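2 protein chains.
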Amino acid sequence: MFDEFFRKQTIPGKTKIAMLIMDGLGGLPPTPDGKTELEAAFTPNLDALAEKSALGLSIPLGPGIAVGSGPGHLALFGYDPLNCEIGRGPLEALGVDFDLYPDDVAARGNFCTMDDKGILTDRRAGRLPTDESKKLIEKLREIKIEGVDIFLVPVKEHRFAFIMRGVGLESSLTETDPLITGMSPLIIKSLNEGSSRTASIVNQFVEQAQIILAGKSPANMILLRGFAKLPLVPTFSEMYKLKAACIAVNGMYRGVSRLAGMDILDVDGITLADEFTTLEKNWPDYDFFYLHFKKTDTCGENGDFDGKVHAIEEFDTQLPRVLALNPDVVIVTGDHSSPAILKAHSWHPVPLLIYSKYCRTDAVPEFGEGVCAKGSLGHLPAKHIMAIALANAGRVAKYGA
Amino acid sequence: MFDEFFRKQTIPGKTKIAMLIMDGLGGLPPTPDGKTELEAAFTPNLDALAEKSALGLSIPLGPGIAVGSGPGHLALFGYDPLNCEIGRGPLEALGVDFDLYPDDVAARGNFCTMDDKGILTDRRAGRLPTDESKKLIEKLREIKIEGVDIFLVPVKEHRFAFIMRGVGLESSLTETDPLITGMSPLIIKSLNEGSSRTASIVNQFVEQAQIILAGKSPANMILLRGFAKLPLVPTFSEMYKLKAACIAVNGMYRGVSRLAGMDILDVDGITLADEFTTLEKNWPDYDFFYLHFKKTDTCGENGDFDGKVHAIEEFDTQLPRVLALNPDVVIVTGDHSSPAILKAHSWHPVPLLIYSKYCRTDAVPEFGEGVCAKGSLGHLPAKHIMAIALANAGRVAKYGA
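Just so you know, the sequences run in chain order C and D.
The first sequence begins at 24 in my numbering and counts up one residue at a time.
The second sequence begins at 24 in my numbering and counts up one residue at a time.
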């Protein structure tokens with residue numbers, strides 16, 4: 024419904040929106056009376072911006088639900104993650120930071136063990152150590168099939184991501200994994216006419232893989248399942264009339280941004296400062312910039328409270344660079360919470376700041392979970408952030424007379 | 024939708040959740056500048072727990088809607104009350120703690136008075152005293168109809184619950200109660216083909232009841248209305264993977280809990296202290312405990328402000344007993360508001376407290392309507408409380424990668 028609404032109501036403009044995402048920003052205090060990572064960080068620039076901004080908490084998907092970065096970003100971009108579910112194959116590819124394209128067909132792969140009659144005896148090849156898995160994947164990369172590029176990326180232990188890129192690939196395919204031992208791996212079949220060539224490609228690949236792995240123990244075969252493309256969603260250009268750019272170092276975020284029709288900008292380097300340099304260079308050319316900062320989440324997931332504090336402080340030192348460009352709207356938030364004390368993504372709502380000249384400020388010179396919980400944006404579903412940003416950018420027409 | 028989501032996303036665990044419900048907890052100050060019942064009560068234990076908890080207001084069904092305890096509890100248990108409406112008959116049966124089965128057809132019954140022409144002169148038989156009603160019900164229990172078991176349970180004064188159990192019963196029936204005096208009781212008609220046998224059973228029963236009651240005064244006839252089966256809802260075990268127990272003295276609450284698939288625990292006594300003793304005894308055996316305290320609502324509905332204050336203080340003195348069991352998550356709230364000055368259920372959102380080690384506290388050492396209105400849980404639909412409790416208990420898997 025909202026997609027359709029915005030398609031009709033958004034209007035072109037010359038205003039610029041910067042969405043700055045600190046991955047896994049939300050946190051928890053290490054002691055009940057303590058401060059969260061964001062509250063503990065020294066952030067004079069964020070605090071000054073907060074004073075001119077509207078504050079609130081962003082709810083990525085729903086109460087009590089911890090999301091992965093995929094659905095978390097889909098929501099930030101204004102999509103309903105439950106209406107554009109990412110299939111198992113693309114999920115595996117995004118999960119290892121593979122830079123997935125909308126027409127790629129991805130599957131979940133794993134090494135397995137067959138007996139000499141070709142019957143599966145272990146669907147996980149004894150949970151093959153990751154290092155051995157990597158060596159086998161090197162060998163499988165030698166397989167070439169005409170008309171298609173095949174990418175293999177190690178995941179963990181026996182698992183890997185399998186991606187096909189080429190013209191005319193389709194993903195309506197059965198799987199090779201019979202899901203039980205005592206049977207042979209299955210031949211891939213196409214579930215519609217358009218997929219028959221893709222089925223043939225996969226079967227060729229599996230045949231060659233079997234030859235390469237013959238005699239290896241315990242991993243003498245592979246299984247592939249969960250073939251899918253990324254879901255098809257309307258682009259930023261279609262929905263919002265925005266020319267949008269993504270500035271991210273990690274493949275996962277580039278993949279989701281490409282899905283949304285953003286241009287993926289090259290970053291010369293891997294630091295946040297490098298990302299801001301890319302932002303400055305490309306500022307005249309886009310209406311919307313999504314800039315992604317990974318370190319906050321990495322530290323959160325590693326249980327590194329101080330590291331996350333420092334990462335937030337690093338972000339704070341860069342913030343003036345975007346403000347100097349005089350953006351019309353600035354959003355600062357995260358795709359989900361990753362409290363260091365939980366070492367994981369969590370369900371907690373995420374601090375949210377929206378700045379514009381017309382944002383009706385909270386006038387609170389601080390950015391943190393506590394003040395955001397009382398902020399004037401309330402507890403806002405993440406998928407509504409884009410609407411508020413567009414409005415603040417003067418890019419939504421009045422509804423009705 | 025959310026039912027389906029939780030079926031997929033919840034994971035088993037060893038954590039324990041205690042949901043403590045003070046019926047009709049929310050209140051109003053007797054004077055505009057005064058305190059509500061909860062704010063006026065001396066509650067050192069609740070206040071100390073509040074300081075370590077996240078606070079908010081629970082919205083039972085929707086803005087401006089006062090709910091009964093049935094829908095109020097369905098929402099607390101995570102169901103959408105509008106999608107699982109409990110018919111009037113089952114509600115009456117649940118209200119007297121009748122162990123209703125999913126295929127039972129229940130109706131609300133009452134004794135009435137007819138004149139010698141069979142015209143209703145009093146639809147309530149002079150509000151027949153409960154004791155006399157019980158004696159008449161004993162006589163009506165002698166009625167036997169082939170192929171069906173019929174249960175009659177006294178409720179209060181002229182009212183009783185009427186339950187049919189057997190194969191192939193359906194509840195699409197008209198009612199015998201014309202709702203006004205000056206008319207005769209109506210013959211039951213089936214509203215679809217499947218219900219015609221059930222209609223015939225009810226008409227046979229009413230005929231025989233009329234013979235048994237002939238000559239009695241004032242109760243010489245019965246009226247039946249509100250035929251329905253229980254709504255079918257997924258259980259706590261199915262939805263949340265929780266082994267759940269109900270601790271409640273009053274039948275209504277036991278009935279709604281049974282609907283949710285909870286075990287109904289015996290309480291040796293009728294006081295709140297007795298309920299907490301049951302909680303302590305059964306603590307090792309369940310993942311989830313729902314404990315219900317009626318007195319707050321009774322006082323509210325009676326307009327007894329001080330009585331409600333004392334009831335809340337009674338709850339406060341018992342609270343340490345559950346905390347001593349070291350629960351992972353504690354929820355304290357009500358199923359609706361019952362302000363003493365209104366002498367009725369009201370639409371006001373209900374104070375809500377959720378404690379866990381990971382709840383992101385409000386750090387406010389107070390539990391009351393005022394502080395809860397500013398709490399970090401926001402104004403939360405009651406049906407989302409279970410999601411947040413499950414998340415805090417580490418029982419919800421991450422969605423997506």
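Since the hints were made in silico from the structure, they are not lab data.
Hints may be right or wrong, so weigh each one.
The list cannot tell twin chains apart, which means a pair is met if one copy fits it or any two copies do.
Said to hold, decoys possible - Below 27 Å or equal to it, Euclidean Cα-Cα: the simulated DSS-like pairs (lysine-lysine) are: (1) K212 <-> K37; (2) K397 <-> K167; (3) K397 <-> K158; (4) K397 <-> K58; (5) K380 <-> K157; (6) K366 <-> K380; (7) K366 <-> K264; (8) K39 <-> K366; (9) K380 <-> K397; (10) K252 <-> K421; (11) K75 <-> K421; (12) K366 <-> K75; (13) K212 <-> K158; (14) K31 <-> K380; (15) K140 <-> K252; (16) K264 <-> K158; (17) K397 <-> K75; (18) K397 <-> K239; (19) K37 <-> K239.
Please read all numbers here as calculations on a predicted model, not as lab measurements.
To see whether the hints hold, each was checked on the structure:
{"no.": "1", "hint": "K212 <-> K37", "in the structure": "neither (50 Å within a copy, 43 Å between copies)"}
{"no.": "2", "hint": "K397 <-> K167", "in the structure": "neither (58 Å within a copy, 62 Å between copies)"}
{"no.": "3", "hint": "K397 <-> K158", "in the structure": "neither (53 Å within a copy, 57 Å between copies)"}
{"no.": "4", "hint": "K397 <-> K58", "in the structure": "both (16 Å within a copy, 19 Å between copies)"}
{"no.": "5", "hint": "K380 <-> K157", "in the structure": "neither (51 Å within a copy, 40 Å between copies)"}
{"no.": "6", "hint": "K366 <-> K380", "in the structure": "between (37 Å within a copy, 14 Å between copies)"}
{"no.": "7", "hint": "K366 <-> K264", "in the structure": "between (39 Å within a copy, 24 Å between copies)"}
{"no.": "8", "hint": "K39 <-> K366", "in the structure": "between (35 Å within a copy, 21 Å between copies)"}
{"no.": "9", "hint": "K380 <-> K397", "in the structure": "both (21 Å within a copy, 21 Å between copies)"}
{"no.": "10", "hint": "K252 <-> K421", "in the structure": "between (37 Å within a copy, 22 Å between copies)"}
{"no.": "11", "hint": "K75 <-> K421", "in the structure": "within (25 Å within a copy, 34 Å between copies)"}
{"no.": "12", "hint": "K366 <-> K75", "in the structure": "between (33 Å within a copy, 21 Å between copies)"}
{"no.": "13", "hint": "K212 <-> K158", "in the structure": "neither (29 Å within a copy, 73 Å between copies)"}
{"no.": "14", "hint": "K31 <-> K380", "in the structure": "within (25 Å within a copy, 44 Å between copies)"}
{"no.": "15", "hint": "K140 <-> K252", "in the structure": "neither (34 Å within a copy, 57 Å between copies)"}
{"no.": "16", "hint": "K264 <-> K158", "in the structure": "neither (44 Å within a copy, 41 Å between copies)"}
{"no.": "17", "hint": "K397 <-> K75", "in the structure": "both (16 Å within a copy, 18 Å between copies)"}
{"no.": "18", "hint": "K397 <-> K239", "in the structure": "neither (60 Å within a copy, 63 Å between copies)"}
{"no.": "19", "hint": "K37 <-> K239", "in the structure": "neither (59 Å within a copy, 41 Å between copies)"}
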